[in-house]
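Protein chains in written order, with this note's numbering: chain F, 1382 to 1853; chain X, 202 to 721.
Don't take each hint at face value.
Here are the simulated lysine-lysine pairs, BS3-like style, with alpha carbons at most 25 Å apart [stated by the list, open to error]:
#, chain 1, residue 1, chain 2, residue 2
1, X, K355, X, K333
2, F, K1592, X, K355
3, X, K333, X, K347
4, F, K1760, F, K1507
5, F, K1782, F, K1699
6, F, K1420, X, K592
7, X, K359, X, K337
8, F, K1592, X, K377
9, F, K1790, F, K1828
10, F, K1826, X, K592
11, F, K1489, F, K1790
12, X, K301, X, K328
13, F, K1782, F, K1482
14, X, K359, F, K1592
15, F, K1790, F, K1713
Think of the hints as simulated: they come from the structure by calculation, not from any bench.
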Amino acid sequence: MFQDESSPLSSSSSPLQVFSMMSLSPNLGSPYPWLRELKSEERGLYLIHLLLTCANHVANGSLENANIALEQISQLASPDGDTMQRMAAYFTEALADRILKAWPGLHKALNSTRIALVSEEILVRKLFFEMFPFLKVAFVLTNQAVIEAMEGEKMVHIIDLNAAEPAQWVALIQALSARPEGQPHLRITGVHQRKEVLDQMAHRLTEEAEKLDLPFQFNPVVGKLENLDVEKLRVKTGEALAISSVLQLHSFLASDDEHHRKKSPLGSKNLNGVHLQRALQMNQSTLGELLEKDTVNGCSPSPDSASSSPLSSTGSVKIDGFLNALWGLSPKLMVVTEQDSNHNGSTLMERLLESLYSFAALFDCSESTAARTSLERFKVEKMLFGEEIKNIIACEGTERKERHEKLEKWIQRLNLAGFGNIPLSYYGMLHARRLLQGYNCDGYKMKEENGCVVICWQDRPLFSVSAWRCRK
Amino acid sequence: MPVELDNSSTTSGGEASVSSSGNQNPPPKSTVKKKRNLPGMPDPDSEVIALSPTTLLATNRFVCEICNKGFQRDQNLQLHRRGHNLPWKLRQRSSNEVKKKVYVCPERTCVHHDPSRALGDLTGIKKHFCRKHGEKKWKCDKCSKKYAVQSDWKAHSKICGTREYRCDCGTVFSRKDSFITHRAFCDALAEESTKAPPLPEPPKKNQNQADADPKSNSDPKPLTAEPEPAKAPVPSAAASASAAPALPQSTSLISSSVFPIKSSELSEYPIPTVQGASVPAPAPAPAPASVNVNCSSSTGSISNSSSMFASLFAPSTKSASLQPQAFTDLFQSMSRPDRPADLAPSTSAEPISLCLSTNHGSSIFGTAGQERRQYAPPPQPAMSATALLQKAAQMGAAASNTSLLRGLGIVSSSSSAQHDNLRWGQRQAEPKNASIAAGLGLGLPCDESSGLKELMMGTPVFGPKQTTLDFLGLGVAAGGTPNGGLPALITSIGSGLDVSEAAASFGGADFTFKDLGRSS
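The following block holds chain F by itself, in its conformation from the complex (with noise of 0.2 Å):
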């Protein structure tokens, strides 16, 4: 049936040579002999090529095709070669996800026995803080952008969106009780959905504090942080109000967004998209929709600036009104930690096209980080990268939280809730570098835009942080 391999290869490498090159596959009598022989880049070209081919099927429907082409990855694709191996693997592993779920009850009943380890969970979480500095330059410009906005204020409330790593608050906690002026009194109101983890923070944090004799309370909130009420974080007159939201807020701008999605693949504008695009770019209705929302500050937000989509499009109802909620509270200060990419286009191949480029880069930089062989890649790359990429590929309408968008539309959208942006200090700044050098990986990068600080793996930005006040 298939052509077989009696063509020679290039007889520069010796089969055994080639064979080494490759990842250890399983299928060693699999029916494609021709494709063991593919070195490295060349795999990693072709796995890119049938990636592409295979969504390119699946969006439009072409499911035999679509399968074929899973094949032939399957047959190069492993989540433990190299970089592009790997990401092949969970990438179809989404793309068959998304296929799945075309048969609804195939796809529960596949699903129906798995069960949810809050352990692994709470430790892959854990692994990617200490893997990855990106969690910690967040939590070191959230804490140094909180001691100078505390400055003088003796009652400190803050709020921690997902209280799940005690480690930033016990550094603020050791900064605010050597502060010169004195201590003030500490409050930290966390917000998780497992009652453990707010268990276990609440312990940490109150042990540090009781060390250094600071003065605090830790309030724990259970539940999910869609369904909070922002009656249940007590802000109290007279206390200043801080609040931290480290990737929180895309998950807000998911919404059943059948009605609004537009049918040619072009969608809205990505930034790495066709300059083809541009012509399809503005929406009128939702253009309309956006100059109406604009009462607060004043300034329309130019709706041709070169990287923008109409805003306040599907999904902006919740986000809106949990940031509207949030400003209620009249913060002091408000740090956003998001993901710096466009994973929100509304087709398939628009989300497939930039999710390449960030986890690309995302899993280059898990690869100087870890060894092939570690345990500890491959539970952060299945467990967090691996459910990111599905959820962003499989996953549509309210399902799809994973509703990363960049930076500049981030802006945009507080801007419009009513908050000013307070550019970072240089202090948070410089402390932050040093702890990207102290991590021996040339990749990393930070820079700052626009009073924000972005986190970038080689040129690839992957994580914003910016400062906010509440603008009266």
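Dock chain X against chain F, hints included.
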């Protein structure tokens, strides 16, 4: 609680008071917490009292005339006088409002000499006077620190020697924050010198290591006159073969060249060469110390606390780096016997080696340490995913500008310098087109994803034999593109293109696409 002490003119000592004050008993402890002013910023309507130095320093101002026993407080003296059957009088607390008293420092040049910066506490002003303007009579026996106030001395000797932090440059700190601030700048200095052009001459290293820290115990100086960078050509070839005998060489290279890079973080590793180059070795202490003073005075606690953050968040990597200590010891012991003596110095190879070893090193040190012993370098340096995507985009973009075939021919032949020829490249018999080469050389201006889309369209032609013009033509003609534009072309290709036809023409290519071309 501020203590009001009597300083009435009945006592000897020649004090001067700005205003007279009644004798007062110490006020009873009130349950309401007293409002504390910030030090040096007194209540405006409090009474200012200026005492002479003698009065301040006097310990027992109230002396019994009978037995010459001294008392600090008049009440105590009065009670004592009862014992001598002398007339005594305990003064009651004055009925009128207690006026708050503040004290000024008698030293004219002191900032607290000004009544507007008076201190509200007599004990406080006493201690201040001694500390700032007094003679340091108390000395710590463990270290050489001297104190003028006995309570300061006691407090210090309790913690002296209990905790200490040692920087690589030899300075010892008892306070964590000052240690961290120092280390941030000390490391920055060291690191800047490593990030500068790589270690200039190998012989220089040796000289500097002679006057390096004696405390460096973990790394006995292996950097002898042998130039390590010379090994770079060897490991880069050896790495690809990943032969076992090559490993010690490359690892010794790692050990030598990795340290300068990691100096900022792996403080256990003494960095004799680098430190010698950057900070003058005979004065490692003063130089960082002066830097430390400057930074702490200029940035105050802000930088202290922030560097605390940075160091707090760095401990994981720091602790991860603790483990490889043994690892590099292993390297050292392995590398020494293997050191060949016939390598010629070549500093140009150094950056490559640094690059390579960084790659290895970071993957080792980045893990939790579990894999470090099992780590084996990859058979060849793999292209990063980002680079692959860019290359794919370029290939696709090249296809959109010109005929795909020629584009591939150019691309593959240019890349053949680095890698083995891509098989399809080898098959090309196409003549090179100068204009295409120029176009490629210019750096294709297409956006990345557009390139990818074109790649998707174009790369079924992986092993092309024929020109692809007809292939492209096929796509365009058969597609009947509904709305024009590139992405539409892709969709039309996906649905309408019969790849098997194109594939069939590739007889003899290494890989066939017959399986791709299954039309359904």
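How the hints compare with the structure:
1. K355/X <-> K333/X: holds, 18 Å
2. K1592/F <-> K355/X: holds, 22 Å
3. K333/X <-> K347/X: Judged against 25 Å, a Cα distance of about 12 Å means the pair holds.
4. K1760/F <-> K1507/F: holds, 11 Å
5. K1782/F <-> K1699/F: At roughly 12 Å apart (the allowed maximum being 25 Å), K1699/F and K1782/F satisfy the hint.
6. K1420/F <-> K592/X: holds, 15 Å
7. K359/X <-> K337/X: The hint holds at about 18 Å.
8. K1592/F <-> K377/X: Roughly 15 Å separates the two Cα atoms, so the pair holds.
9. K1790/F <-> K1828/F: Status holds; Cα separation ~18 Å.
10. K1826/F <-> K592/X: holds, 22 Å
11. K1489/F <-> K1790/F: Roughly 35 Å between the alpha carbons, so the hint for K1489/F and K1790/F is violated.
12. K301/X <-> K328/X: Roughly 19 Å separates the two Cα atoms, so the pair holds.
13. K1782/F <-> K1482/F: Holds. K1782/F to K1482/F sits at ~16 Å (cutoff 25 Å).
14. K359/X <-> K1592/F: At roughly 18 Å apart (the allowed maximum being 25 Å), K1592/F and K359/X satisfy the hint.
15. K1790/F <-> K1713/F: Cα-Cα ~22 Å, so holds.
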